[in-house]
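> Given the structure of chain A, go ahead and fit chains B, C and D onto it with the hints provided.
4 protein chains.
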Amino acid sequence: MRSKPKEIEHTSKVRVRFVETDPLGIVWHGNYIQYFEDGRENFGRHHGISYLDQKEYGFATPIIESKTKHKRPLKYGDVATIKTIFVDSSAAKMIFRYEIYNQENELVCTGETVQVFVDNIGQGELWLTPPDFFTDWKKKVGLLDE
Amino acid sequence: MRSKPKEIEHTSKVRVRFVETDPLGIVWHGNYIQYFEDGRENFGRHHGISYLDQKEYGFATPIIESKTKHKRPLKYGDVATIKTIFVDSSAAKMIFRYEIYNQENELVCTGETVQVFVDNIGQGELWLTPPDFFTDWKKKVGLLDE
Amino acid sequence: MRSKPKEIEHTSKVRVRFVETDPLGIVWHGNYIQYFEDGRENFGRHHGISYLDQKEYGFATPIIESKTKHKRPLKYGDVATIKTIFVDSSAAKMIFRYEIYNQENELVCTGETVQVFVDNIGQGELWLTPPDFFTDWKKKVGLLDE
Amino acid sequence: MRSKPKEIEHTSKVRVRFVETDPLGIVWHGNYIQYFEDGRENFGRHHGISYLDQKEYGFATPIIESKTKHKRPLKYGDVATIKTIFVDSSAAKMIFRYEIYNQENELVCTGETVQVFVDNIGQGELWLTPPDFFTDWKKKVGLLDE
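Chains as they are written, first to last, in the numbering used here: chain A, 1 to 146; chain B, 1 to 146; chain C, 1 to 146; chain D, 1 to 146.
Any given hint might turn out to be false.
As the list claims (entries may be wrong) - Just some of the chain A residues that point at chain C, by a computed CB distance under 7 angstroms:
#1 Val19
#2 Gln34
#3 Leu52
#4 Gly77
Just so you know, these hints were derived from the structure itself, not from any lab. Ideal Cβ positions, reconstructed from N, Cα and C, are used throughout, including at glycine.
Next comes chain A alone, as it looks inside the complex (with noise of 0.2 angstroms):
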């Protein structure tokens, strides 16, 4: 009997911007937040659970925690690689670690995020366990046997 996987991971690239760069000539450290929601959306899109899909059934997941910890800069003129991972676990959440690496193919930063499930749209009421369209998700992408 096949075990599950417990993660599922995708990998997409991101051009620093110039204004992503600050006096230090290097990414200021609060765009790395950006890049990880680029990668998660790159993932989501790839997977079929973006922002938008959510959205479809009546739900925002807004991010509860993030962590986020930087080993070496970026600077501009280089195309970064993320590495998007979805943390399986039985709680309604959805917890995505992130990698993004350099040209060098060097660690840059590593962090993490959790999200929650609310309803209407961000008007709604945070949902203590997980909505069928995620459950649903989990089977389709074989985190959870049909």
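What follows is chains B, C and D alone, placed relative to chain A:
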């Protein structure tokens, strides 16, 4: 008989944020659009015509045109002065001019924005004549006779 | 005798980021300045006149003027097309025009920026005549005779 | 004998900007990193340890780690209170904690950042022991004995 003013102005301050400066050590040019909005909203709160005031009347005022001229740079640590000037016009438009000064009172930047009136908070129709709340506001601030 | 072109253009794409949209659900007007820069730098990388190319020659080209006209909104999920057009001029200036289109190929926004040449990467002097590297570039791309 | 404080705090205000809010009508989560920097720099200007103070001593202090927990949203029009707390440590690090409150004095967000010391303004070496200017600063504010 006293002639009506054609312009009303309001002055506010903005402190340059680190994130707003670029590798050249100066404020990235696009951030002046943000400073104009800071000035316009400070004007709006002072004179009762801010984004939230407009929203209460059921209107949004998207920007259809903006211009910026840069004379001098601002750098991190600077506290700039924004002069925001409402330019009266009979059209269904809000026109603002902006002058930004550094701490030596030298002109850093000038600009202009043009806004139109859309009802139903951005989902709705463009108004070709000034909405009542705007005409009433002009009377209140002395740009139109009661 | 063939007449020289007066304009060179380059077309690139930009995907609207969630963070770039506002409470009205559309791209905040100031972010178009960023899209213009995306287009200009994509042009620059393609034609060898990007920020990093200029820096190699010891120059920076700060923007002294920008204009934007908004025709239609862009919303989250849109992938816009940026047409960036270099407008030839004998002055010591770089002039670009921009046209941004949505996925239905409707015109969303037009704009223009004007840049000047400053040596020593922004610490230096304004050049009143075009620097050699710029004249050489114009020859290379066919805007000037060799 | 009086025990030394282990923490020093500073409180400042930030007004939510329109551009900082997203299609859900609330502050985009990544902007809290900016609010932390606002709080940290306000702390730094008050206590003489800001970015520009550090630069004068030849140091930059890049952020190597940050954490954010979101409890409640902020929306356009809110004026939030940022409590910035310097957490003393014997390591060659600057550690700050942050608490952000809304106008009803409800906790909106907490966070933490860790910075290290690099000489020659970002081009240089990581310091493994606290630089003199930092030790002197700790004495001045009462965190270390003279």
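> All the hints need checking, so say for each whether the structure fits it.
Outcome of the hint check:
{"no.": "1", "hint": "Val19", "verdict": "6 angstroms, holds"}
{"no.": "2", "hint": "Gln34", "verdict": "6 angstroms, holds"}
{"no.": "3", "hint": "Leu52", "verdict": "5 angstroms, holds"}
{"no.": "4", "hint": "Gly77", "verdict": "5 angstroms, holds"}
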